[in-house]
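Each protein sequence line maps, in turn, to chains A and B. Letter 48 of the first sequence, counting from 1, is numbered 48 in my numbering, and no numbers are missing. Letter 22 of the second sequence, counting from 1, is numbered 187 in my numbering, and no numbers are missing.
Among the hints, erroneous ones may be present.
What the hints assert, rightly or not - Taking beta-carbon pairs under 8 Å as the criterion, some of the chain B residues facing chain A (in silico):
1) Thr238
2) Ile272
3) Tyr296
To be verified - Reference listing, derived: stretches of chain A covered by chain B, where coverage requires no fewer than 3 residues with Cβ under 8 Å from a Cβ of chain B:
4) 48-62
5) 83-95
6) 140-148
Hints listed in this document are in silico derivations from the structure and should not be mistaken for laboratory results. Every residue, glycine too, gets a C-beta built ideally from N, C-alpha and C.
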Amino acid sequence: MRYKNTLKGTRGQQEMVGLAIIMVMVAVILLVFLGFSLNNSDKDIVENYEVSSFIQSLLQYNTQCHSDRQYLEVKDLIFSCSNQQNCENSIDSCELLNNTMSEIIDSSWNVNEDSPIQGYEFFIYSNGEALINLEKGNTTQNYKGSVQDYTTGGNTIEIMFKAFF
Amino acid sequence: MKNQRGQMKIQQMAFMLITVFIFFALIGLFIISFKMTGLREQATNLQEKNTMLLLTKLAESPEFSCGESFRNTKTNCVDLDKIMALKNNINIYQNFWGVNTIEIRKIYPEIEEEILCNAQSYPNCNIIEVYSKEGAEEGIGLSNFVSLCRKNEENGISYDKCELGRIIVGYEIK
C-alpha cells in the first residue's frame, strides 16, 4: 500500500514537471516571437526622397546675382562661377554661391549634438574639379545621399549631398 | 471504494483539462491582442506610406505645381500665388487628399519670427496653413523639400522668385 502511494506521488510529480516544461517552452517561444516582432522597425531619420528633393529645390533657388533682368537660379550661378563670370550687380559669383549654399544647408539641416542629423557633406564639381566643398559635423556609417548632374555649354556639373545620422 | 477512486480520477482529469484549456486560452488571448496591435501598427504604417507617396507627388499636382507659369520649367515646385488662391477655396477639397493637414513652411531666406500667411501678410510671411481636416485629432507629420515660387515686382518689372521651403503633411495615428 505504501509502495503504491509512492508510485502515485512520483507519477503526479512527473505530470507537474511535464506541464511546467510545456509552459516554459511556450513562454520562451512567445518571447522570441515578441522580440522578433518588436525589432522589425525600418523607419529612417532621413528618407531618400528628402535628399534628392533638397538638391532639386536648391538648384531652383533665385540668388542675388542679377543677370539679363532676372535673378539667377543656383543652377545658373554654378555656371557663372565655373566660367568665372561675375554678376551684373558686381557680385562675385563664386563667393555668392559659396555663401548661399552654406546658409541654405545650415537652415535646412540642423546639425548639432542633440539633433538626429550628425553631419553633412556637400560638393559641387565642374568638369571633375571641385567648385564648392562644404562639410559640417561628423561622418557616420548611416547616411542618405543624392547626386545630380547636368551639362550645359560643354560643362558637366555634378552636385552631391550626403546627410549623416 | 473503486467507484470513488474512479470519480477522483475523472475529477483530476477534468481539473487538468480545465487548467490546460485556460492556459492555452490565455496564450490565444495574448496572441490575438498582439495581432490586433500589429494590425493597428500596420494601418498606421500604410497611412505613413500613403502620406509619403502623396508628399512626393503633391508638388506636381495641378493644385500646387508651378506648371508653365515661370521662366524655366520647374520640378518639385509649388506656386505660392496659386496656393493663396487655393487656401480661399479649400472647403471644396475636404477629404480630397485623405490626410489631416497640409502646411507649407519657408526655410530660406529665414524670417526670425513665425508669420502666418494671409491676404494681408503675404508674401512677407513664412507659414501657409493650406488645409486642415475638420475635427481631426493631432497626428504625425512628414515633410519634403520644395521650391516655393511666386511672381515678384521690382521697379515695375516682374520677375520669378523661388525660395526654399518644406511641405508638411500630417496624418492620423490609427
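Hint check results:
1. Taking 8 Å as the C-beta contact cut-off toward chain A, the hint placing threonine 238 of chain B at the interface is violated, the least distance being around 10 Å.
2. Checking isoleucine 272 of chain B against chain A by beta carbon gives a least distance of about 5 Å; that is within 8 Å, so the hint holds.
3. Proximity of tyrosine 296 of chain B to chain A is violated relative to the hint, the smallest CB-CB distance being about 20 Å (cut-off 8 Å).
4. Coverage of the region 48-62 of chain A by chain B holds in this model, with 10 residues showing a Cβ closer than 8 Å to a Cβ of that chain against a need of three.
5. With 0 residues having a Cβ less than 8 Å from any Cβ of chain B, the region 83-95 of chain A misses the three-residue criterion, and the hint is violated.
6. Proximity of the region 140-148 of chain A to chain B, defined as three or more residues with a beta carbon under 8 Å from a beta carbon of that chain, is not established by the 0 residues found.
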